Structure formats: C-alpha cells, structure tokens
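Novice: Chain A is fixed; fit chains B, C and D onto it per the hints.
Sequences listed follow chains A, B, C and D, in order.
Here the first sequence is numbered in this note's numbering, starting from 1 and rising by one per residue.
Here the second sequence is numbered in this note's numbering, starting from 1 and rising by one per residue.
Here the third sequence is numbered in this note's numbering, starting from 1 and rising by one per residue.
Here the fourth sequence is numbered in this note's numbering, starting from 1 and rising by one per residue.
Because the hints were derived from the structure by calculation, they are not lab data.
Since this is a predicted model, take the numbers as computed values, not measurements.
Capping the alpha-carbon separation at 30 Å, the derived lysine-lysine pairs in DSSO-like fashion look like this:
| hint | chain 1 | residue 1 | chain 2 | residue 2 |
| --- | --- | --- | --- | --- |
| 1 | A | K37 | C | K25 |
| 2 | D | K434 | B | K117 |
| 3 | B | K608 | C | K91 |
| 4 | C | K91 | A | K37 |
| 5 | B | K28 | D | K446 |
| 6 | B | K24 | D | K446 |
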Amino acid sequence: MGDLLINFLSGPVPIEAYLGVSLIMFFAGVYGFLSRKSLLMILISVELMLNAADINFIVFNRYLYPGHMEGFFFALFTIAIAACETAVAIAIIINIYRNLSSVQAGELNQMKE
Amino acid sequence: MQYTLLIILLPLLSFIVLGLMDSKLKPKVAGAIGVSVLGIITLLSYISAFEYFYLHKIEGVYEKLVPLHIEWIRFNEFLHIDLGILLDPISIMMLVVITTVSLMVNIYSLEYMKGEKGFQRYYAFLSLFTFSMLGLVVATNIFQMYIFWELVGVSSYLLIGFYYTKPSAVAASKKAFIVTRFADLGFLIGILFLSFYTKTFDFNILNSGDASIFASTAGVSFMGISVMSWTMGLIFIGGAGKSAMFPLHIWLPDAMEGPTPVSALIHAATMVVAGVFLVARLFPVYHTYAPDVLHVIAYIGAFTSLFAAVIACVQTDIKRVLAFSTISQIGFMMVGLGVSGIGGHEGHEGLGYMASMFHLFTHAMFKALLFLGAGSVIHAVHSNEMNHMGGLRKYMPITNITFLIACLAIAGIFPFSGFFSKDEILAATFQFSPYLGATMSFIAGLTAFYMFRLYFNIFWGKEHKHEHTPHESPFTMAFPLVFLAAVTVVAGFLPFGKLVTADRSEYIIHLDPIVATVSIIIAVLSITLAALMYMKEKETPKQLATTFSGIFKMASNRFYIDEVYIFITKKIIFNLVSTPIAWFDRNVIDATINNIGVVTQWTSHKTKRFQSGQVQQYAYVFLVGTLIIAAIMLFV
Amino acid sequence: MADQIIFWILAAIMTVFSILAVTSKNIIRSATFLLFVLLGTAGLYLLLGYHYLFAVQIAVYAGGIMVLFIFAILLTNRPGENVKTEKYYRKVIAGITSFAGLAFCGHIIYWNVNKAYTLVATSELKVQDIGHTLMGTDKYQYLLPFEFISVLLLACIVGAIMIARKR
Amino acid sequence: MNFLSLFVLIPALMMIGLFVSKNRKQILFIMTFGASLQLIFTSVVTYMYLAERAAGNMAEMLFTADTVWYAPFNIHYSVGIDGVSVVMLLLSAIIIFAGIFASWKIEPLTKEFFIWYNLLSLGVFGFFICLDLFTMFLYYEIALVPMFLLIGIWGSGKKEFVAMKLILMLMACSALLLMCILGIYYQSGASSMNILEIAKHGIPLQAQYYLFPLTFLAFAIKGAMFPFHTWLPDGHASAPTAVSMFQAGVLMKLGGYGCFRIALYLMPQAAHEFAWIFIILSVISVIYGAFAAVAQKDLKYINAYSSVSHCGLVTFALLMFNQTAMTGAILQMLSHGLMAALIFALIGMIYGRTHTRLINEMSGLMKVLPFLGVSYVIGGLASLGLPGLSGFISEMTIFVGAFQEADTFYRVLTIIACSTIVITAVYILRMVGKILFGAIQDEHHKHLEDATWYERISVVTLIAAIFAVGSAPFWISAMIGESVMPVITQLAK
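This is chain A alone, in the form it adopts within the complex (with noise of 0.2 Å):
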C-alpha cells in the first residue's frame, strides 16, 4: 500500500491530471453560467472558465513545449484582458442595478420588447 503510494507520488505531476483539474474548474464555470440567475454569478462562473483555460495554456506550454513562450504570453494576456472584462462588465452591471434594481439575468429583457 505503501509502496503502491510511494510509486504513485515518485516523478513528476502527471500532465492529465493538471487537465483534470481545470477541466473541473471549467465545468463548474459551465453549471454555475447556466445554472445562476445573479448576473454577478453568472461573471464569477466565467472568470472560473477563464482560468480553467489559462492553466490549459499553460500547462501544455510547460509540457510539450518547454522552450517556448506562446502559451506563457496568452496566458497573460488573457489575465489582463479578463481584467478589462471584468472592470467593464461590472460597470454595466452597477448601471443596470442603479437603472432596474435587479441584477438578474432573466429580467432584463426592456430593450427585447
């Protein structure tokens, strides 16, 4: 038993298991985006997402190709562009409150009718 754990854990982070990981996180991102109504909610699903890609990016960049750099630079500026994302959207969401009082998704529907 011990053994069995100690060859399991000998060597380095197999890479299915970072996907694993982020696959997880991209999921949740997936169930929390269709499932939550609170336009808030629904940001912090996609924020989930964002990051379950930037350690894909990542990881394959750190696995199959150790001296580049691409996955590295897009991982970055996806953080920074998420940034933008955010700061914008949550500018639209406070507007919306302050104009509706609600931040839920399935009411705002005035500029549909």
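Specialist: Only chains B, C and D this time, still in chain A's reference frame:
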C-alpha cells in the same frame, strides 16, 4: 329571292331600336313600330311563299334555295358555322306561320298590354323573338339552328318573365329556360357527334342522300346502339325539350305566367313546334340512318299526347288547359313524323310527314286563336279560373263564335282545318300500327271532350257574379280573332299535299273515308258528352270526380311530375351536390391552404423562442451543439 | 515527491472550492470561494515554474478583480436580501449538461494523452526574457499584441468610467 | 427601341404623371387620357398586325426586336407579337380602360391607388409583348406585387388576411416558375432566353418530364385550376372593384397565356404524356366551380367560382392539342375576361349602392336600377353562352374542337364539360332572379340612384366589346387560328 333577308333583319332592327330607346319612346310609337315592321315582313313572306311555290318547282320537285350564305366562324377545314337562308317548302311554310301569328299577336297586344309598365320592352322582346324564330326556320345548317334555338329560348325566358316583379313569373321563366337548356345540352352533344362523323353542319349536305358522308359511322356503336341512333336521339332530346315532350314538358304549363299573347305566339304556335320542325328538317337523316329513333319519337309523341290530354281534362285554369292541349297536339305532330316514310305516292309512306306539317300549320292558327280568345276572356273577367267564368256568350259574341270555331277545329269537325290535318295523321298512324292508331283516335276524342268542357264552362253554364259586367273586346283585339278564325275555317282546303312533302314533290291526299267517319263520330260523341256534363250546371262532374278521386287527384296534380323535378333539383342537386361542394371547398381545400399558413405561423412562433435574448440559453445551446458536433467528429 | 503532494493538495482545494463557488447561495461566499480557486491557480503556476505569471495572477486576479467583485456585490446587494433561488429544473439541466461535457472531455483526455510523457526539467523563466520577448518585434515576440492590450485596457478604463458614472 | 415598348412606356409615363399631379381632377385626367391612348394604340397595333399579315408576312412573331439587357446571363429584352398576344393586349387595354371608370370615386389615397393600378397594367402589357423568358417572368412579378397593396389597402372585409394569402399562394407559384424558367433555359442549351430560340433547340425529354408538369402547374395556379383555386374567391371578395375586374379579366389570363406560350410550346413531348392529368383536373374545375357557384350566397363568390369554371375550360381546351380547341381556349380567355370584368364592375356598382353583396338581402333591383339591371342580365347571358355574345363563340369553338378527338376518354370528358352550360344557366338565373327580379323587400333599396355617367362608360365599353366579339367572331377567330399553328406544329412533332 334576296329580299327574304329583310324578313329576318327587320325584326332585329326593330328590336335594336326599341331596345335601345326603351322608355324614351312613347308606347304608341313603339307599338306602331312593332306592328308596322311585322306587317311588312308578313307581306314579304306571303310574297316569297307565292313566288316560291309558283316559280321554283323544277320537274315536280321544289328547289332548295340558298339566297344568302356567309361564313360566320370557321372551326377547321371542314367545320364552319354559316349564317344563311335556306328556303324550301317547310321553311317557307314556317315563315308564313310565324309572321302571320306574330303580326296578329302584335296587333292584339296593342290593346291587351295597353298601360302596362314596360310596354316598349314588351314590343322589343316580341321583335327579338320573331327575329330568332325566323332565323331558326331558315337556318342553312344545324349550328345556325342551334344559335337561333338558344336565342329563341332566351326571348321566351324574357317574355315569360315579363312581369318580373311577380315571383311566380320569375320562377316559371327560370324553369322554362333551365329545362330547355338541359334539353339543348342533348342537342349540342348530338350536333357534336353528327359533325364529327359527317364533317359538316350543312342541312343540304346532310339531307342530300349522299351515303358517303355517313360512311364513317358504319359499324360504330356504343352500348349496342349504333352511333347514328345515339346522335339523332340526342338531337331529338333538344327538340323534345323545346316541344315539351314527356318528361321535359313541365316548363310549358308554368310558362303561362307570361302575358297571354306571348303564350299564343311562343307557347302555342311557333316556338314549341321548333322540335317538330327540327325533326322534319333532319327527316331524311332520321329516316335513313336512325329509323329506330323515329319509332321512339312516335311512341314518345303518342304517350305525351295521351298524358297531356288526360291532365287537360281536369285542369281549371283555362290557360293551363290550353297549354296541356298544346302539348297533346304537338304529340300528334311527333307521331305523324314518327310513323312517316319518304315519298311513295302509292303506299302513302310520306303521308305522316305531310300530315304533321299540315297539322303544325293549322294548329298554329287555331291554337293561337284559342289563346287570344282566352286572353280576351281573361281581359274581360280578370281571372284565369274556369269557375269565375260561365255564361259569357251573351257579353262577348265575337269571342264566343271564334272560340267555338277553334274548338271545332281542334276537335276535328268537318270542314274546319283541324279535321283535315288530324285525320291525315290518324290515317298515317293506322297504316303504321292499328293499335297506335286506335290510341290516337281515343286521344282525339279526349281532345274534343276537354276542349268543349272548356268552351262550355266559359261561355255557357252558370253565370258567375261579376264585379263589373264583362264586355266584348275592342277592335284591335277582335280583329286578330276574326282573322285567325277565317284562316281556321278555310285552311283545311289548302292543297297542302302539293306544297309541303317529305321529298318536296307533289303528293295526292286520299282521305280514308273510314278513318274520317270514325273520327268525326268519336268527336261528336265527345262533344255531346261534354255538352251534357257542362252546358248546364250539373252534379255529374263532381260525382265523377269523387268516384275516380284517385286518378282525378293525380291528374289535377299533373301526375306529380313537377314534384319529382323539384325533388331532383332542390333536394339532390342543390342539397346533395352543390352545398356539399361549396362546403368542401371552404372547409377542406381552402382550409388546407389556410392551414399551411397556420402551421407555418405556429412553427415560427415556436422557433421564435430560440431567439430569446437569454445569454444562458444561447450558451446552453452552443455548448450542447459543440458537444454533439465534437462527438460526431470523434466517434462517427 | 514534494511536487506531487503539493499538487494534489492544491488540486483538492481548487476542485472543492470551484464547485462550492458556483453552488453557494450566498454571493459573497461565492466570491470568497472564487478567491481561493484563483489563489490555487496561482499556486499551480508556481509549481510549474512560471513565477512571473504567479505574481501577475495574485496581483491582477486575487488583488484587482476580486476587489472589484466585492465592491460590486456590496453595491448591488441590499443588506439581508438573499440571492434568489433558481428553479430546480434549470439546475438539473445545467448539471446534466456540464456533467456530460465533463465526461466527454475527460474521456478524451484519458484516452488521448501520451502517458509516457515526462517533464523536461528547465530552468526558471527569467523576467528579463519575458521583458525582451514582450517588447521585441521579431518572430515569436509580442510587441504588437502588447500594444493592443494596452489600448484595450485604456478603452476599458474609459468605458467603465463612462458607464458607471452617475448622471 | 421597338414601338411595342410603348405598351410599357405609356403606363410608366402615366405613373410619373400621377406622381406630380396635384389634385383629383388632374389624376383622373391623366388616367383617362393615358388609358384611352393605350386603347387607341392597341387598336392601331391590331390594325398594323392584320395589315402585315394580309401583306403576306408569315413570320411566327411580328415586329420583333431584341436588345441585350444583361449579357452574362444572356437576358435579353426581346419583344414581338402574334395573334394571341394581340388579342390579349386588346383585352387588357379594354379592361384597364373600363376599370378606371369603375373606380372613378375611389377613396382614400386616389393617387396611390392609380399608381399601383398602372404598375399592374405595366406588368401585364410587358408580359404579353415579351418573348424572353426572364423578362416575361420579371413582368409577371410586376403584375403580382401591387395586388398585395391594392387589396390590403383599398379592399374590404378580411382584406389583410386575403391579401397575404393571395400573394403567398401566387408567390409560391412564381417561385416554381422561376425554377422552371431557369431549368428550361439551361436544359435547352440555347444561347439566349428567347422563346423562339429555345423552341428551335428543344429540351431533352428527361428534362421535359419534370419541367413540363411544374411549369404548367405554376401557370395553372394563376389560372385557378382545381385544387389550387382558393386564392381566387377570397381575392375577389376582398378586392376593390377595379382590381377584381383586373384580376378576373387579365391576371388570370396570364396563366392561360403562359401555359400556351411557354409550357406547351417549349415542351411538346412531355405535354402529350401529362395532358391527361391536367385535363381531368380541368374538367373537375369546370364542373366543380359551376356546382360550387350554385350554392354561394355572396355575389362575388358566385362569380369567382364561375371564373374557376370558365377558366377550367381554357386549360381543358389548350390540352386538346388541336387548332380548333386551342383557338377556342384563347377566345375563351378573351370572352371570360370581358364577361368577368363586366360582372365584377356591376357587382361593385351594386354593392356601392346597397352595401351588401348577399343575394338574399337584395331583390327587385331591376325596378330601381334599370341600367345596371339590364347590363347585369346581359353579362349573365353572356356568361351562360347566349349566341351573339362572346361566351357562345368561345364555348362552342372549344366543344367542337375537343370533340375532334375520337378517343372515348376525351369524349366522355368533353361531354361532362359540356354539361356546364346547364349548370351555368342554373346559377346565373338564380342570381339574376334573386337580386334583380321580384318585389323590392328592403325599404332602403327603393330610392337607389341608377348608374352615373362614368359607370355607364365603363359598362358600355365592356358590353360593346362582348357584342363585338360575339357577333363578328370571324376575324378574331381567324387571327387566333393562324397564330396557334406554331404551337400545334410543335405538338405534332
């Protein structure tokens, strides 16, 4: 004989003038136009008759003249409708009959229709009728005949419905038109068949006796009956419709809703004999190629004649009695044609044809006289019902005498014209078949009986209380009566056999003394019977009516033929065909089309939800779609 | 060995908290759980040897974005008011879908990743190199995207102010 | 530019004129002047055509001209006329002329009404003069779209619904048609869309087998063939008077003309194969329409079904493939156009006075409206085929022609079709008897005014045309007869 064109065109002209001017003309002017035009064409037709019968006889045979002939429309290299004038003995005879009766009716109407609203219209329609009827009789080809046949039908429609505010008149006109139209369908299909096989419409070619034009019909048959029998039978249906043969007779009694002079002109003297004329016109074809149809015609004629005579015995409306009498007499003419042959001076084959035409001529005169006399009576007592009359002989002597003459003529009493023509038909029928001859003699007896029932009921019998005293008609009405009575008296002595025969050559009439004697005896007996029953008011008729109540009731209701028709038209055609079709159209076909629209709308309404603007929904769909596509790409 | 142990601890934290973050009823708790996940992510970066990215992740995400979130939540949440509960069927549908996706992708990863792969040991990525690459104009250098991102950031700043300011 | 283009130019100029016109008087002046000009021009063209023929010019199409319009697709603007087009042009000109007087008092938006009306007439004239498939299709569409507005805005009853239904059904058949036209063009391998040239090339048999039924169907829908006729009754019932006249008088004829000019002419072999299906459908239309008309209560519906019946005879006769019947078909189009226009005009005028179209609510109108009443009777008699009026000529030509087929199948169908003359008489007399004869029952109807002068012009024009065709049919029948020969020769190959 180019001037015969005028006989046709003048009435048309007068129709156009009267029709377009209508109420802008004064009634008197309209009447004058009508009468003078008719006077001119009557004169012209007399002249042409004289000229024809005196000058156009070559080697004992009358010529067939075609003084005018234009191509009106061309269908293909063989078939074309021509408009033209064909003069031969029967068309000349018809010209004389039509113009004479029409002139008399025109004169008569001056007084009879005085003060009616639409007097000008009435004269316009009379002119139209005269024009179409003349066009019919001079037709050079069968399609021209059909054209004028239809025009005659329409003028009859217009004249029956002259009192268009009266619902019964409107219904009667409609019925007359539709029933005859139905018969015309047969006529039309017959024409189509005939023209297909013979490649011609022309009477002269059809009647020329040239067997080659009928060559293509040889051996062609349908349901065991040769195609020529079908064709001629279908054509006869057209004639039967116009001539009110059973079972297409139902329109004629109703047609009495029209003004009485119209009944005299159209529904007694001229239009209703168009069927007889049609058969006579195509007689050589019938005789050579469809003798079986000719026999059918004879039997239909005999049955119709009997049927109508029985009904006539119990009707109380005087015009209806006359209408049924007309049907019965036309039956006589049909029998005459049906039993006839062509030529044959020895064996009397051609007697039937000649007799039939003769009867047509004499019948036109005395039946017009009867109707005009009845009109005169109606004018005086303002009723059509027999039991509102009685004892009128004191007040209306001229009408009385002329009516009596006509009754004697139709009963077949020597020396009035009816005697000669009817006797010849009887003689011809006896030659054909003694049984048929006996039947026809019996019908002749019935005729005498119901005519004198009518006569005695009107002029004798118990006097009815009148609101105002009946008076004799003025001159314009009396003159036609007298004129026609005179014709009726002398017409029997016309040498008809020399003029109008099946093969257009002279025919010597031998009166069969036995037949003549027998028929006179029967007629006298019937008259006596009628006199006994109706001259004085007696209980006998009523007793008889109660004794034979079943048959009496059936006869008074005209054997329920009308009800059958109403059942067929109203119940079957309207309720079982038209209404369901209309329903089907709205609720099945149209609904299908509409439902295509409804379904489309419903679908779009449903798919609209996909475009909800809900980001989560889009994301969901997007995700599912991606997964599906990825799965397909990986696993399939 | 140590890597492995650290990784599994981080993995457990991230998995649990990411799930908690999307299921929690209280939004402020969700934000907190998200913060833990973000920190865990930073830890993974560190574990993989990307120190710079670790710093950026902490500074931008755990620092900047989380603050924004907290502010937003506090601004839009009335005190004492809970988040409205979602409809049950939505949750079920979302759960089934995500689980299906998870299973699908997991299947692909499990069957397609080369097991024999080993991590090549490399030295730590220097900030100097990052700076050069970011500012260079050669192949595999990122000046242009960098400039784009900066313009984008500027636009976002202006936009956010425009949208959120009071009229 | 050929002088035939004037047919299109005159309505176009009238539209421009209407656009700048200021008041009602000017509008009516432009319309009257333009339509009269058009009528005169049509008569002149007819005369020129006859003169040219008399001079011995035996070309299939006269006065042809050809201009390239869009070279990449070989679309040409090519015009030319033969006897059939001349007849159709005459018909259109007469009906447009009469239609203007029938809508003399149209309100509101008089100007817009006439602009759209002119656009319709432009499309129709264009269709009849064109020889190029694509240009024909273009004009066909032009003659369709304004219907939507004319019914939707100036109609009555459920007008929006009806306008939508009508336009959708006809658009569906246009789509079918467009497909067929392209199919015909590409399959024939001709170097232009000109009909004459395509006819010379011929279309492969395989292609004909699917192109012919679709093309014929597309045009037959326009000609209201059972079971695709349902746009017609609703369309008539809701349309304003002039549009009803136009629709029954001219638009339905586009269908028959198209069947004749495109379907039969270009695809003769397949026509032989498929004729029996369409013949049966036509005979059903003839009888079905007539029976359905017997049971209707609304005047416009009666006449709409009557149109179905009469137009069924057109396709019936076209498919008999002989010269007589085909001449009859064209004559029937002419005659039905005139009769239907007359009757719809009169229904509109009567409706304008009594405000009802239900036959049960009217009676005895002859007494108060003698002019309209007499005209109505004439229209009815023409419709039931009275000799001397146009209906007789066309029906008899059709029946005689159809009877030249000795086959029992054709013969039975012809006899069934013949029986329409009786059923027609039934519904016409029923209608006339109910509304015109009898005593007036409705108090309001006792003080109706008879026709005004402009209504009289409209009615008299149509009646005169009906009489002219009916009493002197020889020249028009001869003109059509020689013009259908090219199609017959094609079919005989």
